[in-house]
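Residue numbers (my numbering): 1 to 216.
Since the hints were derived computationally from the structure, they do not count as laboratory data. Note that the structure is predicted; figures quoted are calculated from it, not measured. A virtual CB, placed ideally from N, CA and C, is assigned to each residue, including glycine. Honestly, I wouldn't trust all of these hints.
Computed beta-carbon distance windows for the label pairs [unchecked claim]: (1) G67 x L115: 31 to 41 Å; (2) G67 x R38: 27 to 37 Å; (3) E72 x N105: 23 to 33 Å; (4) D21 x D75: 11 to 21 Å; (5) K35 x N101: 37 to 47 Å; (6) D75 x E19: 31 to 41 Å; (7) K46 x D75: 14 to 24 Å; (8) E10 x G97: 16 to 26 Å; (9) K41 x E72: 27 to 37 Å; (10) D75 x V18: 31 to 41 Å; (11) H11 x E71: 16 to 26 Å; (12) E71 x G34: 19 to 29 Å.
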Amino acid sequence: MKGAAGNGAEHRRGLWTVEEDRILTDHVKVHGKGKWNRIPKLTGLKRCGKSCRLRWMNYLSPGVKRGVFSEEEDDLIIRLHKLLGNRWSLIAGRVPGRTDNQVKNHWNTHLSKKLGVKQRKCKINASSSKSSKESGANSRTELKSNDDGSISCRKDEAEIHNAMEDSSEKVRETSTSLQDPVLIGDGYDNFWDPYLCAPNLMEFLDQSLDLFWDGM
DNA sequence: AAACGCTCCAACCGCATGTTC
DNA sequence: CGAACATGCGGTTGGAGCGTT
């Protein structure tokens, strides 16, 4: 795998064995999810907590669907990606049984080729991990729908405000409503950034999906 | 049969944010 | 309030498996 930095030599790396899977599954069944960093100590697994979490979330969790993606799933992912960009966790949240990693892999290996889409970078979600390293900061922005229906976002409010201001010109030029969405982006001819106009993410998604289903 | 190249997915990394103390 | 720890995310990559030469 990648460089030795990070978890140290005390942790095993690479593919999980059946025995490791069994130990982790047994532990989660008994103790539940969470406190991943304690699992190696408690179980004797020579894996870091992050690795345990990832293995459970992406493979061992009973909710995870295996096997090939159906046409319907493909279609849903394509539409959601058009709406959300590379926000894989959000997309996966709308595709039952699929994880963000599965969706991301499927997009990168199948769907992007199928559609002939260049890997786009979200306007706000600007930098790759490499450029993040170079700049010393990750400018990723994440949308989250809260219980009260509002949207919270992992980014300084000032930056958010600036981004919105920055885009306001496009907003004025291109749209004032959901029926006439905000169009930005480079990979697609048009990209509608929900971040710029949605008061409520899930409501927005539902509306948007409806519009896309109707419009296609 | 061996060597090579390609595809695809599991897993890793670095970073940001959230939580606890 | 700040430090330490825990969790979650997206980008990237190693390598198993398969097809081709």
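For this structure, which hints from the list above don't hold up? 1, 3, 4, 5, 7, 8, 9, 11 and 12
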